[in-house]
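Heads up: the protein sequence lines correspond to chains A and B, in order. The numbering of the first sequence is the numbering used here, which starts it at 304 and goes up by one. The numbering of the second sequence is the numbering used here, which starts it at 2 and goes up by one.
Be aware that one or more of the hints could be misleading.
Computed footprint of chain B on chain A, listed as stretches where at least three residues anywhere in the stretch have a Cβ under 8 Å from a Cβ of chain B [as the list claims (entries may be wrong)]:
| id | segment |
| --- | --- |
| 1 | 491-503 |
| 2 | 703-710 |
Taking lysine to aspartate or glutamate and the EDC-like style, the derived pairs with C-alpha atoms no more than 20 Å apart in a straight line are [to be verified]:
| id | chain 1 | residue 1 | chain 2 | residue 2 |
| --- | --- | --- | --- | --- |
| 3 | A | Lys648 | B | Glu63 |
| 4 | A | Lys641 | A | Glu631 |
| 5 | A | Lys822 | A | Glu638 |
| 6 | A | Lys857 | A | Asp578 |
| 7 | A | Lys384 | A | Glu731 |
| 8 | B | Lys67 | A | Glu731 |
| 9 | A | Lys728 | B | Glu63 |
| 10 | A | Lys384 | A | Glu631 |
| 11 | A | Lys822 | B | Glu63 |
| 12 | B | Lys67 | B | Asp50 |
| 13 | A | Lys728 | A | Glu631 |
| 14 | A | Lys641 | A | Asp578 |
| 15 | A | Lys822 | A | Asp578 |
| 16 | A | Lys640 | A | Asp827 |
| 17 | A | Lys640 | A | Asp578 |
| 18 | A | Lys833 | B | Asp279 |
| 19 | A | Lys648 | A | Glu638 |
| 20 | A | Lys822 | B | Glu207 |
| 21 | A | Lys640 | A | Glu724 |
| 22 | A | Lys648 | A | Glu724 |
| 23 | A | Lys822 | B | Glu211 |
Source of the hints: derived by calculation from the structure; they are not laboratory data. Backbone N, C-alpha and C define an ideal beta-carbon position, used for all residues, glycine too.
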Amino acid sequence: MPLLAYIIIVPLIAAGLGLIFRRAAGALALAAAFFALVAGCLLMGGRQAWPAFSLLAYSLNSGAYLIAALITLLTVIYSLKYLTQLKRLGEYYAYLLLALAATAGALFTNEFLFLFLFWGLMGLALYLLIGTGGERAPAAAQKTLIILGGSDLLMALGAGLVWSLTGSMEFGGTALPVNTPLTLAAFLLLLTGAFAKAGVMPLHSWIPAAAEGAPTPVMALLPAALDKLVGVYLIARISLDIFMIQPGSLASLILLALGSFTIMAGVLGALLQHDLKKLLSFHAVSQVGYMVVGIGTGLPVGLAGALFHLFNNAIYKSALFFCAGSIEHRTGTTELKKLGGLAGKMPLTFAAALIAALAISGVPPLNGFVSKWLIYQGLIEVGQFDRFWLVWLTAAMLGSAFTLASFVKLLHAAFLGQWSENTAKAREVSWPMWFPPLFLAGLCVVFGLFAYQLPLRYFILPVFIRLVVPGVWDPGLATIMLFGGLLLGLLLYLLGNVRQTVTRPAFYGGEELPEETIKVTGDDFYDTVKRLAPLGLIFRVAERKVFDLYEQLKLALDSLADLASRIEGAIWRSF
Amino acid sequence: MLSLLFSYLIFPGFLFLAVVGLLATWVDRKVTARLQYRVGPPWFQPFADLAKLLGKQTIVPEGGAKSVFLGAPLVGLAGAILVGTLLWSINAQPVGRTFVGDLIVVMYLLMLPSLALIIGGSASRNPLAAIGASREMKLILAYELPFIISAATVIYRARSLQFGGIVAWQLANGPFLWSLSGLCAFLAALLVVQAKLGAVPFDLAEAEQEIAAGAIIEYSGPALAAIRLTRAILYFVLPLFLTVVWLGGIDAWFPLKYLGILTLVILIKNTNPRLRIDHALRFFWGPVTLVAVAGFILAVLGK
Numbered sequence: 304m305p306l307l308a309y310i311i312i313v314p315l316i317a318a319g320l321g322l323i324f325r326r327a328a329g330a331l332a333l334a335a336a337f338f339a340l341v342a343g344c345l346l347m348g349g350r351q352a353w354p355a356f357s358l359l360a361y362s363l364n365s366g367a368y369l370i371a372a373l374i375t376l377l378t379v380i381y382s383l384k385y386l387t388q389l390k391r392l393g394e395y396y397a398y399l400l401l402a403l404a405a406t407a408g409a410l411f412t413n414e415f416l417f418l419f420l421f422w423g424l425m426g427l428a429l430y431l432l433i434g435t436g437g438e439r440a441p442a443a444a445q446k447t448l449i450i451l452g453g454s455d456l457l458m459a460l461g462a463g464l465v466w467s468l469t470g471s472m473e474f475g476g477t478a479l480p481v482n483t484p485l486t487l488a489a490f491l492l493l494l495t496g497a498f499a500k501a502g503v504m505p506l507h508s509w510i511p512a513a514a515e516g517a518p519t520p521v522m523a524l525l526p527a528a529l530d531k532l533v534g535v536y537l538i539a540r541i542s543l544d545i546f547m548i549q550p551g552s553l554a555s556l557i558l559l560a561l562g563s564f565t566i567m568a569g570v571l572g573a574l575l576q577h578d579l580k581k582l583l584s585f586h587a588v589s590q591v592g593y594m595v596v597g598i599g600t601g602l603p604v605g606l607a608g609a610l611f612h613l614f615n616n617a618i619y620k621s622a623l624f625f626c627a628g629s630i631e632h633r634t635g636t637t638e639l640k641k642l643g644g645l646a647g648k649m650p651l652t653f654a655a656a657l658i659a660a661l662a663i664s665g666v667p668p669l670n671g672f673v674s675k676w677l678i679y680q681g682l683i684e685v686g687q688f689d690r691f692w693l694v695w696l697t698a699a700m701l702g703s704a705f706t707l708a709s710f711v712k713l714l715h716a717a718f719l720g721q722w723s724e725n726t727a728k729a730r731e732v733s734w735p736m737w738f739p740p741l742f743l744a745g746l747c748v749v750f751g752l753f754a755y756q757l758p759l760r761y762f763i764l765p766v767f768i769r770l771v772v773p774g775v776w777d778p779g780l781a782t783i784m785l786f787g788g789l790l791l792g793l794l795l796y797l798l799g800n801v802r803q804t805v806t807r808p809a810f811y812g813g814e815e816l817p818e819e820t821i822k823v824t825g826d827d828f829y830d831t832v833k834r835l836a837p838l839g840l841i842f843r844v845a846e847r848k849v850f851d852l853y854e855q856l857k858l859a860l861d862s863l864a865d866l867a868s869r870i871e872g873a874i875w876r877s878f
Numbered sequence: 002m003l004s005l006l007f008s009y010l011i012f013p014g015f016l017f018l019a020v021v022g023l024l025a026t027w028v029d030r031k032v033t034a035r036l037q038y039r040v041g042p043p044w045f046q047p048f049a050d051l052a053k054l055l056g057k058q059t060i061v062p063e064g065g066a067k068s069v070f071l072g073a074p075l076v077g078l079a080g081a082i083l084v085g086t087l088l089w090s091i092n093a094q095p096v097g098r099t100f101v102g103d104l105i106v107v108m109y110l111l112m113l114p115s116l117a118l119i120i121g122g123s124a125s126r127n128p129l130a131a132i133g134a135s136r137e138m139k140l141i142l143a144y145e146l147p148f149i150i151s152a153a154t155v156i157y158r159a160r161s162l163q164f165g166g167i168v169a170w171q172l173a174n175g176p177f178l179w180s181l182s183g184l185c186a187f188l189a190a191l192l193v194v195q196a197k198l199g200a201v202p203f204d205l206a207e208a209e210q211e212i213a214a215g216a217i218i219e220y221s222g223p224a225l226a227a228i229r230l231t232r233a234i235l236y237f238v239l240p241l242f243l244t245v246v247w248l249g250g251i252d253a254w255f256p257l258k259y260l261g262i263l264t265l266v267i268l269i270k271n272t273n274p275r276l277r278i279d280h281a282l283r284f285f286w287g288p289v290t291l292v293a294v295a296g297f298i299l300a301v302l303g304k
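Turn these sequences into a full structure, and let the hints steer you where they fit.
Below you can see the structure in the form of structure tokens.
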């Protein structure tokens with residue numbers, strides 16, 4: 304059997320064994336995830352195929368799988384310490400491995416039918432994993448199942464349409480232009496499933512709901528990494544291999560509009576969250592917008608940016624969720640108001656969170672900057688075909704500034720700022736919990752500095768025949784110069800007497816006020832923005848969950864049921 | 002490699018930027034003093050201030066994150082030097098080439114000094130500094146919108162986002178400033194530069210009278226010197242940015258162009274009272290953005 308078979312079968316066997324030998328479940332999961340990582344590295348060599356599920360590995364999906372396997376491994380390591388008290392530990396690891404195996408299948412398969420099989424398995428694993436969480440878990444799991452299940456049905460309908468149009472169930476066999484109502488319907492139906500899994504608005508609301516219920520490592524693995532990788536990978540394949548997205552076409556316009564809306568709405572939602580995990584989950588929504596926008600340009604440079612952003616997002620988003628989990632582990636809360644001053648107490652977690660937060664905000668020379676920069680160029684290039692390009696570009700670039708703003712809030716509220724009751728006695732977590740986020744943060748730096756040499760070269764560029772990058776960015780030289788600046792500054796410090804630092808209490812007006820009375824938590828950093836005229840209205844509307852399709856449908860169904868019961872009552876009375 | 006080192010350390014890098022920047026802050030202080038019927042400092046005052054700060058004690062707030070607190074100003078300094086070197090080096094390149102980064106890269110690098118101020122202020126464990134940091138962040142949100150649109154106007158007209166291409170277009174067709182669309186974009190960008198400099202009316206992050214220097218309240222000694230030096234370098238780098246993008250690049254007229262922009266900045270600074278943060282947000286998202294959008298529409302119409 305080829306390697307491709309093993310990477311699906313081995314995790315499943317390990318999962319089964321883990322259910323039987325519950326004591327060894329963690330070790331088995333660790334071994335299986337490590338195997339997956341090694342196999343992922345071996346797959347990078349070239350194209351491989353296994354006809355059984357019509358599996359086909361090439362640079363892009365091998366790269367996605369490598370990242371997926373890496374994050375799964377780190378999640379297992381993290382869970383070894385984080386989830387010791389969980390009752391159904393055996394099942395937890397079994398579901399994790401099920402998710403990994405299903406991800407492998409969904410990434411590598413080249414045919415719709417098998418895709419649905421693996422896609423469904425992924426949804427199931429996610430549902431089961433969310434269910435292992437706390438008391439709010441069942442409701443979250445239910446919401447997730449309904450949204451994902453419903454959109455999967457629509458996707459199946461779309462696949463049926465494509466089959467009736469082309470007679471082929473394979474990817475890459477067709478190049479349908481999206482110009483008739485029928486092809487447009489097929490395109491949109493297929494996208495619905497992928498959008499729901501990736502978390503594009505308005506099908507995003509299961510992610511914040513899951514963030515409240517699910518165990519934190521589950522959030523780091525599935526919505527942040529695996530679901531994104533598979534969901535956006537599928538959007539890319541739908542847009543590339545089944546349909547033809549031409550810049551300036553209707554399909555491109557739909558993707559650009561939805562992506563821009565998702566970026567802005569997601570990040571504005573994140574700006575006002577009061578809970579660490581919920582804040583991160585809104586970014587899990589917002590970042591998908593960048594990938595959708597990049598794919599929507601229909602240009603190689605935008606697409607390359609979108610795919611690179613896909614990898615980057617999985618890396619830093621998982622790191623951030625791990626950090627959130629560590630904070631929760633040590634302080635017992637993720638409410639921003641109750642945190643503060645953890646930087647000195649948990650220095651390694653802080654370092655990881657800082658780097659990941661700067662990476663997601665697109666600060667050069669980190670990885671998030673490179674992929675966003677490529678996407679912006681796609682949006683500028685698309686200006687030759689599309690009159691609205693400035694709107695998309697502004698949404699993307701302003702969204703990046705808002706992302707930075709919400710992470711400044713997070714960093715201040717959790718790590719910098721003043722202590723609180725919960726954080727005064729906190730200390731650093733043990734190595735299985737600080738290593739995964741720190742490793743991923745290191746990867747953020749490496750992918751940023753060696754963007755051209757590593758990720759772009761091995762994962763992404765082989766997909767394109769010819770890639771023209773209109774801009775210029777030399778991360779190596781820029782970083783050397785930035786380091787030079789740091790050294791110069793250090794010299795300046797040494798010229799002064801920085802070595803004789805003294806420590807004094809912070810000074811505010813010369814008063815000795817108890818710290819609790821004048822604490823700036825960071826939680827209310829952006830209340831001025833919230834109250835501003837047009838935004839205030841949008842926020843008030845959003846708080847009533849108008850943008851949440853699930854809640855709106857539920858409301859509609861409720862009123863329908865209400866109407867039905869009234870009619871029934873009326874009929875009953877008339878007798 | 003040696004020429005790179007020279008260009009980074011001496012000219013147009015650190016030393017050059019620091020000297021010119023400190024002189025620019027002197028011009029600012031002198032003009033401001035004359036406008037207020039004071040004598041004003043001698044030309045070497047900024048250098049003397051810096052030397053004196055280096056000799057002062059470094060005080061770190063108790064319980065703050067020390068390494069972040071002391072490291073943040075250096076990141077801002079490094080970012081400012083990088084942008085200055087990068088912009089000036091366009092000259093040394095053959096026509097049409099770009100060094101290290103394009104317009105979007107520079108827009109992001111220019112965010113580093115502000116970001117350093119925010120992170121440093123936030124790490125100093127002082128409530129007033131936290132308020133200053135949050136104001137600085139909100140100011141970034143405010144001016145990013147018109148800044149993006151102004152930059153897009155230039156990119157649209159030059160059909161290039163590389164500085165080499167932008168300058169080459171201006172060499173062929175005249176500076177962007179001499180057209181209606183370019184003028185609108187320049188006006189919006191000038192106000193953005195004013196805010197990036199933290200100059201009145203946008204000095205809310207430091208607002209001495211309200212929050213006692215806000216984000217930099219806890220800084221002293223060499224760390225404060227680094228912040229001052231960064232600010233001084235920005236006094237040169239930001240007008241340089243405007244010159245390259247809107248005034249046709251660096252040529253024999255450069256000193257005049259630079260002094261013109263500096264005069265505008267000082268004029269705005271001395272004729273306006275400080276804005277409140279919500280007013281600043283409304284100002285940038287309202288009138289300034291409208292001007293920038295008008296510039297873009299004019300550019301599309303070919304004006």
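We went through each hint and held it up to the structure:
Residues of the segment 491-503 of chain A lying with their CB closer than 8 Å to a CB of chain B number 0, which falls below the three-residue condition for coverage. Evaluation of the coverage hint for the segment 703-710 of chain A: fulfilled, as 4 residues show C-beta separations to chain B shorter than 8 Å, against a requirement of three. Restraint check for Lys648 (chain A) and Glu63 (chain B): the C-alpha separation of about 14 Å stays at or below 20 Å, so the hint holds. Between Lys641 (chain A) and Glu631 (chain A) the CA atoms are separated by roughly 11 Å; this keeps the pair inside 20 Å, and the hint holds.
Straight-line distance between C-alpha atoms of Lys822 (chain A) and Glu638 (chain A) comes to about 15 Å, which keeps the hinted pair within the 20 Å bound. Among the hinted pairs, Lys857 (chain A) with Asp578 (chain A) is inconsistent with the structure: their alpha-carbon atoms are about 25 Å apart, more than 20 Å. As the CA atoms of Lys384 (chain A) and Glu731 (chain A) are separated by approximately 13 Å, the hinted pair is consistent with the 20 Å bound. Taken as a hint, the Lys67 (chain B) and Glu731 (chain A) pair is honoured in the structure, with Cα atoms around 17 Å apart against an allowance of 20 Å.
Distance check on the hinted pair: Lys728 (chain A) and Glu63 (chain B) sit about 16 Å apart at the alpha-carbon level, within 20 Å; holds. Distance restraint check for Lys384 (chain A) and Glu631 (chain A): the Cα-Cα separation of roughly 13 Å lies within the 20 Å cut-off, and the hinted pair is therefore satisfied. Our distance criterion of 20 Å between C-alpha atoms is met by Lys822 (chain A) and Glu63 (chain B), whose separation comes to about 15 Å. This hinted pair does not check out: Lys67 (chain B) and Asp50 (chain B) have alpha carbons roughly 24 Å apart, beyond 20 Å.
Using a Cα cut-off of 20 Å, the hinted pair Lys728 (chain A) and Glu631 (chain A) holds, with the two alpha carbons roughly 13 Å apart. As the CA atoms of Lys641 (chain A) and Asp578 (chain A) are separated by approximately 10 Å, the hinted pair is consistent with the 20 Å bound. Note on Lys822 (chain A) and Asp578 (chain A): the hinted pairing holds, with a Cα-Cα distance of about 18 Å set against a maximum of 20 Å. Of the supplied pair hints, the one linking Lys640 (chain A) and Asp827 (chain A) holds, its CA atoms being roughly 9 Å apart against a limit of 20 Å.
Taking the CA atoms of Lys640 (chain A) and Asp578 (chain A), the gap is about 8 Å. The hint holds against a cut of 20 Å. For the suggested pair Lys833 (chain A) and Asp279 (chain B), the alpha carbons sit about 10 Å apart, so the restraint of at most 20 Å is met. For a cut-off of 20 Å, the pair hint linking Lys648 (chain A) to Glu638 (chain A) stands: about 18 Å separates their Cα positions. Only pairs whose Cα atoms come within 20 Å are accepted, and Lys822 (chain A) paired with Glu207 (chain B) is accepted, the gap being roughly 19 Å.
Distance restraint check for Lys640 (chain A) and Glu724 (chain A): the Cα-Cα separation of roughly 11 Å lies within the 20 Å cut-off, and the hinted pair is therefore satisfied. Using a Cα cut-off of 20 Å, the hinted pair Lys648 (chain A) and Glu724 (chain A) holds, with the two alpha carbons roughly 14 Å apart. Between Lys822 (chain A) and Glu211 (chain B) the alpha-carbon distance is near 17 Å, which keeps this suggested pair within the 20 Å criterion.
Checked against the numbered hints given earlier, the structure breaks hints 1, 6 and 12 and satisfies all the rest.
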